[in-house]
Structure formats: structure tokens, C-alpha cells
Amino acid sequence: MAMRKKWHRFIGAWTSAGIFRDLGLAMSLSPRVVRKIIKPTVFILMLLPLAWVFYGWWLYIMGDLSLVTANPIEYTNRHLGDWAMRFLLVTLAVRPLSRIKSLVWLMQLRRMVGLFCFFYAFLHVSSYVVLDQFFDWPEILDDILKRQFITVGMITLTLLTPLAMTSTKAMIKRLGSLRWQKLHSLIYLASVLVIFHYWMMVKGNQLEPKIYAFIVAALLLSRLPQRVKKRSKLAQEKAGLQ
Amino acid sequence: MLIKKPHAWQMAENEVTSEAHYKNRRQFLRAMGIAATGSVAVTGFPGMALGLTAKAKAVRDLDYKTTEYDPGEDQTSFQAVTSYNNFYEFGTAKSDPADYAHEMTTDPWSITVEGHCGNGGQFALEDVIDFSSLEERIYRHRCVEAWSMVIPWLGVPLASVLQKFGPTAEAKYVQFETYANRDEMWGLSRPVLNWPYVEGLRMDEAMHPLAFMSVGLYGKELLNQNGAPLRLVVPWKYGFKGIKSIIAIRFVSDMPRTSWNESNAREYGFYSNVNPSVQHPRWSQSTERRIGEFFRRDTLMFNGYEEEVASLYRGMDLSRYF
Ligand code: HEM
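If you're matching them up, the sequences are chains L and F in order.
The opening position of the first sequence corresponds to residue 1 in the working numbering, with each subsequent residue numbered one higher.
The opening position of the second sequence corresponds to residue 1001 in the working numbering, with each subsequent residue numbered one higher.
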């Protein structure tokens, strides 16, 4: 118990000293408010990166290269990959944040954020297949086999696909929540792989992949105390039974 | 390692774009027939178009001879050539150089020449480049990242520059170094590469008639993002060999270190000749995207300059010496 309290305090400090808690309490978010107001708002917000690309292409067609650069295909591909990765990290952040009492409602958004991650990952890969390679399948196969960062990207997408497909309530029921949870812990592996994908793709010694790697490490480590506790509880129960 | 003395002009204040410069630039854009797009940008999303309109320095027209070096392909627009650049000293995004390179002081400029040569020393830009004998060269430009452009450069043959300094028989290679001033190039505070940027050529490559020292493009002086005031253009090699904003030339007897090779020798060789059959570990080099086109096109051996330069590499295993 003491451990848990301490842990909470740590996250509390981490999320700017309880601002979230106060905000959450002040707003006293009922599930209804979350469903009717927060969720649609977040939905729209998460579409903005996509709208940005369309806007950029429109400017490009009008002769203004300032947003998507002179190479809009490269820009689009990277922008979509960036956002897939960012939403993956946001998905991962929901659980630890929701352990703060006033942020419990965040859990109501998790599935949507996760699906947006997949949506952007899918668009990212589609932009590679359609815009970059224009369905040159031999070349794509060659890339997947020979370019390690693309191999890793492919594995990441393969891990994310069953998660997106089993995201519905019906699927949770069908799988049973334990098996569902097991399956969905694939996201941890996916988050590590996407960092590798990014890190390996970047030229020279750049800062950004390191920042993302740090965030992923923090998010994964933040789960450790809970895990350890769950383990020891299970072990105790087992011992008690014998 | 060269120990750099502070140059007098490094103390100069950062250039602030004056109203006059701004107007000049607008006139220039209009002359280039792209002012319309500039104004679309301004009304379309305030602030975003600044990179192209307000931040660039005023550039002079240059007199030059027209060229017989012309691949006869569509030239990449001035706007694309000056807004889509790799110049990591100003940041790693393609748009960074256009946004930040104006902070670099290019006038006055001096070039240090040293090593195995008869007339080394410190030279002003005008002593290195004979501005009365500029010529145009329309070259393909192929980046190692598998995109390409066609650019009408202005400048002089590299050989004509190097000969001035009287390289001796011991000069087997020539190394070039890029200006590096943290106050004017924020990217230098990031350890992306081992700064300052250095590049090099074998002496016979450097003396090849296609190798070019450029001081301008599209009839004007170079903008800073393109490597003002002088940069190398080696059209049969990947773009990163074309070192920008050169402040030092060194004649050496051993193969000099080069920045990308030092950063990752498996991926970037000293030669880095455009070669569709030698694959980069992270990109296929067999095709490329010409900026402004949708479909990829095949990459040509030596970027289409095989006839001219293949003899330089006779007997070499190009998959080993990539
Ligand atoms: C079959 C699967 C995939 C393929 C073929 C693929 C391909 C690529 C390519 C070609 C690039 C950039 C190349 C360049 O511009 O040089 C890239 C970058 C990237 N990809 Fe992927 N990718 C895949 C899966 C994923 C997934 C699932 C994610 C995220 C969840 C992702 C996130 C990223 C990120 C963050 C970047 C870096 C973008 C930047 O430079 O800012 N990719 N990927």
C-alpha cells in the first residue's frame, strides 16, 4: 500500500504537481460528459494531423511548398509515421495516468487513441506503398527483406493489427479478459520496435529518436511497480492455496 | 585537426533582413515568375511562407556564359531548389536551411588553402573565383536519399580553381571544409556529425572537367541554404559530396577523412559515386524521385555521366570502393 501511495505521488509530481488532479476534480467528469464532450473533441483533435497533410497538399498544388516541402511524398510519409508513433505513446500513457484518481476517465478514451494509432500507422504504410513505391511489389518486398528498418516497421505493423482487430467489447468478451490482456501486451513490444524503426531510419546522430526512446522507457518502467505487485499477490495466493 | 582562428567578420552582427532586402527579394521573386505563389502563401497561412519571402538575403545577378552542359531535362523550380535542402549545420529538417541559413555571414569571406601546393595562404573569395569568367552548367543532382533535381549552376571548373594554388606531385587528394560558427549555425550545437563538415576528392576526380565550383544558380548568387558563397558540385556523385560554404581547401597525400564516411562507413563510402547497382543499406539506389514528379525514375550509372567519368574508376571494384 505504502509503495502504491508513493508511486502515485511520483506520477502526481510528474504530471505537473497535481494540476491534473485539481482540474479533474473541478470538472468532476462523469462518464456521460466524457462520452458526449471529451471524446468527440479528442476525436476531432486526433484528425488534425491528417487534415494538416491535406491542407499542405492543397498549398502544394497551389504552388506553395512551405508546408509539405518540395517533396510532399517524403513529407507525408514521415508525418504520418510520426503521428502513428506519437499516438502509440499516448495510448501507452493512458494507463499510468489513469491511476491518478481524477484521471480515471482517461481509460474511456484509450481504445479510441489506440485505434487512431493504428489508423495513422495504416496510412503511413499506405503512403509508402501508394505514393512512394506506387505498388511496385518486387521493390517493396526487397525493401522489407533487405532494409532492416523497414523489416522492423513491418513487424510493428503486424503486431498492431490484431490489437486493432480485437478492440471491440464483443471481442474482449469472446477472448476473455485475461487472454485479451495478454494479447494486448503486444503493444509493449510494438512500442519498442517503433523506436528501433525510427532510430535506424534517421541519418547521423540525431536527438529526436532518443527523446522518443526515453518516453517509451519511462512509460514501460512506470508499469513495473504494478507488475511486481500483481506478481507477488499471485504468488501469495498460490502459496496460500497449497 | 585544424585549429580555427576566429575571423574578424564572425564578430559582425547577425544579418537582419532590412525592408530594402525584403523588397529586393520580392522583386526577384516576381522576376522569377513565382511571386504569385509567394502571395498565396502569405494569405494562405500567415507566417509559414516567411521562409521563402522574408528570410533570404538579397542576391546579385551574375554575368555568365551559357552552357553546352545540359541534360535537356526539365529544370527543377528555383523555389524547390532553394527551399528543400540538406545543410545539417542549420538543422536536419529539409526546410531548416531555408529558415535559418540567412543567419550566416557570407561577406566578407575568406578561404584557407594549405598542404601540398605552391601558393597556399588565405584568400578572399574574389581571389579564388574569377567572377568575370563564370559559366553555366545544368547538371543532374542526385541525393543519397533517392531524390533528384536538375539545377542550372553558375561557377567555374574546379580544376581552374585548384590550379591557381599549384598543387605539387604529392597532392593525391584534396579535402574541403565547411564554415562552422555556432553563433550563426544552430545545428552545430547538436552532435549530428563530427563538425566541421569535411569532404574530399581524389586529385584526378577534382581535376575532371565536370567537377565544378559553384557560386550561383538560376542566374543569381547562391542563397545561403545552397552553400553560399561557394560550394562544390560533383554531378556524378551523391549530393553530400558537394560540400557547401567552403572555407578551407587542403592538398593531402592520403585519403582525407570525410564527414559522412566517418559517421557511418558502412553506408557512405569515400567515393559515393551514383550507382544504381550498389545498394545503400537503408534505401534502394536503383530508382529515384525527381523533385516535382510523382513516379520514380531509374537512377543512371554515375548519374548519367558514365561516358565522361567511368575511366576514372577503370579496374576498381565499385561495390567495394563505393
Ligand atoms: C510495413 C510497415 C512499415 C513500412 C514499410 C514503413 C516505412 C517507413 C519509411 C519508408 C519511412 C521513412 C523513410 C524516409 O523518409 O527516409 C518510415 C519512417 C517512419 N515510420 Fe514507418 N513503416 C512501417 C511501419 C511503421 C509503423 C507501424 C509505425 C508506427 C507505429 C511507423 C512509424 C514511423 C516513424 C515514426 C518514422 C520516422 C518518421 C520521421 O522521419 O519523422 N512505421 N517508415
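Derived from the structure by calculation, the hints contain no laboratory data.
Some hints could be false.
Take a look, some chain F residues computed to stay more than 12 Å from chain L by CB distance [as the list claims (entries may be wrong)]:
id	residue
1	I1138
2	E1145
3	M1255
20 Å max Cα-Cα, derived DMTMM-like pairs, lysine to aspartate or glutamate [said to hold, decoys possible]:
id	chain 1	residue 1	chain 2	residue 2
4	L	K146	L	D132
5	L	K173	F	E1267
6	L	K203	F	D1096
7	L	K146	F	D1096
Derived, one-sided and incomplete: chain F residues facing chain L with beta-carbon distance under 10 Å [to be verified]:
id	residue
8	Y1088
9	H1116
10	N1119
11	S1132
12	A1180
13	R1182
14	P1276
15	S1277
16	S1286
17	I1291
For every residue, glycine included, the Cβ atom is placed at its ideal position computed from N, Cα and C.
Now the hints, each set against the structure:
1. I1138: holds, 18 Å
2. E1145: violated, 8 Å
3. M1255: Correct as stated: the minimum Cβ-Cβ distance to chain L is 21 Å, above 12 Å.
4. K146/L with D132/L: holds, 17 Å
5. K173/L with E1267/F: Distance ~50 Å between K173/L and E1267/F Cα, so the pair is violated.
6. K203/L with D1096/F: Given pair K203/L, D1096/F holds - Cα atoms ~15 Å apart, limit 20 Å.
7. K146/L with D1096/F: violated, 31 Å
8. Y1088: holds, 7 Å
9. H1116: violated, 31 Å
10. N1119: violated, 36 Å
11. S1132: violated, 33 Å
12. A1180: violated, 15 Å
13. R1182: Nearest chain L Cβ about 16 Å off; hint violated.
14. P1276: violated, 12 Å
15. S1277: violated, 13 Å
16. S1286: This interface hint holds because 8 Å falls under the 10 Å limit.
17. I1291: Nearest chain L Cβ about 5 Å off; hint holds.
Checked against the numbered hints listed earlier, the structure breaks hints 2, 5, 7, 9, 10, 11, 12, 13, 14, 15; every other hint is satisfied.
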